[in-house]
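Trainee: The task is simple: from the sequences and hints, build the whole structure.
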Amino acid sequence: MQKLLVSVVAIIALVAGVVIFNSLPKPQPQALVYNPPRALEPFMLEGHNGSQLSNADLTGQWTFLFTGYTSCPDICPTTMADLRKFMPQLTSFTERPVRVWMISVDPKRDTLQKLSDYNTYFGKEFLGVRAEHKNLYPFVNGLGLMYSIPSEGETDYLVNHSSAIVLVNPDGERHAIFKASHDAGQLPTVDMDQMVQDFQLITQHYN
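Numbering-wise, the sequence shown is residues 201 to 407 according to my numbering.
Careful, some of the hints might be misleading.
[Said to hold, decoys possible] Straight-line Cα separation of at most 20 Å, SDA-like style, residue types lysine to any residue; simulated pairs: (1) Lys314 - Ser251; (2) Lys314 - Gly250; (3) Lys308 - Ala281; (4) Lys308 - Pro388; (5) Lys285 - Gln394; (6) Lys308 - Lys285; (7) Lys285 - Thr355; (8) Lys308 - Asn335; (9) Lys334 - Pro388; (10) Lys324 - Arg238; (11) Lys334 - Gly344; (12) Lys314 - Thr291; (13) Lys285 - Gln252; (14) Lys308 - Asn255; (15) Lys285 - Pro297; (16) Lys379 - Leu345; (17) Lys379 - Met346; (18) Lys308 - Glu246; (19) Lys285 - Ile349; (20) Lys334 - Glu241; (21) Lys308 - Lys324; (22) Lys324 - Pro277; (23) Lys285 - Asp317; (24) Lys314 - Ser271; (25) Lys324 - Ala281; (26) Lys379 - Asn341; (27) Lys324 - Gln394; (28) Lys379 - Asn235; (29) Lys379 - Arg238; (30) Lys308 - Pro350; (31) Lys324 - Phe293; (32) Lys308 - Tyr234; (33) Lys334 - Lys285; (34) Lys308 - Asn360; (35) Lys379 - Tyr234; (36) Lys308 - Phe339; (37) Lys334 - Pro307; (38) Lys285 - Lys324.
Note that these hints are calculated values from the structure, not bench results.
Mentor: This is how it looks when you write it as structure tokens:
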């Protein structure tokens with residue numbers, strides 16, 4: 201009888217544990233996740249390798265996109281270095297390729313050669329992307345990002361641009377946006393540790 205009682209108590213405890221576990225709130229991404237994901241308008245861009253890029257080039261892979269330029273003094277190289285650092289973790293969460301598109305918002309100075317030299321330094325997963333403003337601005341705006349050039353001199357000027365990173369899913373849709381933190385005295389950059397956690401959750405629930 202005592203053994204039976206112990207067994208019953210153990211079963212009750214196990215069931216109670218399962219109920220409590222299932223009632224706990226599931227981890228949720230801190231990123232803004234679009235539900236449903238949003239289609240991108242048709243676009244034509246150039247890759248730093250000379251390739252012509254369209255919507256089809258964003259399918260079959262996870263792509264992190266952000267705006268930047270090769271003459272950027274701080275945010276862009278920091279973001280690129282962080283993405284390279286965390287790339288092994290990002291790729292471990294999915295069997296699909298993971299890519300980074302750095303969308304140049306400085307087409308006047310960022311030639312394909314400059315973009316190639318800049319991006320290949322960070323790795324084969326990185327692609328520099330450019331277009332003239334008439335095609336570039338609608339694409340950037342469609343991602344929910346922005347840029348502006350307040351004073352476009354001959355060689356020395358700064359470009360204002362978003363610091364957020366957009367995630368496009370393997371269907372070529374805008375899936376999420378990772379916003380930059382704006383702490384006093386700090387560069388407005390994306391929290392990469394949080395982005396990695398969010399990406400893991402997103403890939404677990406994709407399809």
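Trainee: Taking only the CA atoms, is the gap from lysine 308 to asparagine 360 under or equal to 20 Å?
Mentor: holds, 15 Å
Trainee: Run the distance test for lysine 308 versus proline 350: straight-line Cα separation, threshold 20 Å.
Mentor: Given that 20 Å is the threshold and the Cα spacing comes to 14 Å, the pair holds.
Trainee: Given the hint that lysine 285 pairs with lysine 324, test it: the Cα-Cα distance must not exceed 20 Å.
Mentor: holds, 13 Å
Trainee: If you draw a straight line from the CA of lysine 314 to the CA of glycine 250, is it 20 Å or shorter?
Mentor: Within the cut-off at roughly 12 Å; holds.
Trainee: Would the pair lysine 285 and aspartate 317 pass a check requiring their Cα atoms to be no farther apart than 20 Å?
Mentor: Between lysine 285 and aspartate 317 the Cα gap is close to 19 Å, so the pair holds against 20 Å.
Trainee: Decide if the proposed pair is consistent with the structure: lysine 324 and proline 277, CA atoms, cutoff 20 Å inclusive.
Mentor: Given that 20 Å is the threshold and the Cα spacing comes to 16 Å, the pair holds.
Trainee: Within 20 Å, alpha carbon to alpha carbon, are lysine 324 and alanine 281?
Mentor: holds, 14 Å
Trainee: For the pair we were handed, lysine 324 and arginine 238, check the Cα-Cα distance against 20 Å.
Mentor: Given pair lysine 324, arginine 238 is violated - Cα atoms ~27 Å apart, limit 20 Å.
Trainee: Regarding the pair lysine 308 and proline 388, is the alpha-carbon distance no greater than 20 Å?
Mentor: violated, 25 Å
Trainee: For the pair supplied as a hint, lysine 285 and glutamine 394, is the alpha-carbon distance within the 20 Å limit?
Mentor: holds, 14 Å
Trainee: Take a quick look at whether lysine 308 and asparagine 335 sit within 20 Å of each other, Cα to Cα.
Mentor: holds, 14 Å
Trainee: For the pair supplied as a hint, lysine 334 and glutamate 241, confirm whether the alpha-carbon distance does not exceed 20 Å.
Mentor: The given pair, whose Cα atoms are some 14 Å apart, holds under the 20 Å limit.
Checked against the numbered hints given earlier, this structure breaks hints 3, 4, 6, 7, 9, 10, 12, 13, 14, 19, 21, 27, 32, 33; the rest are met.
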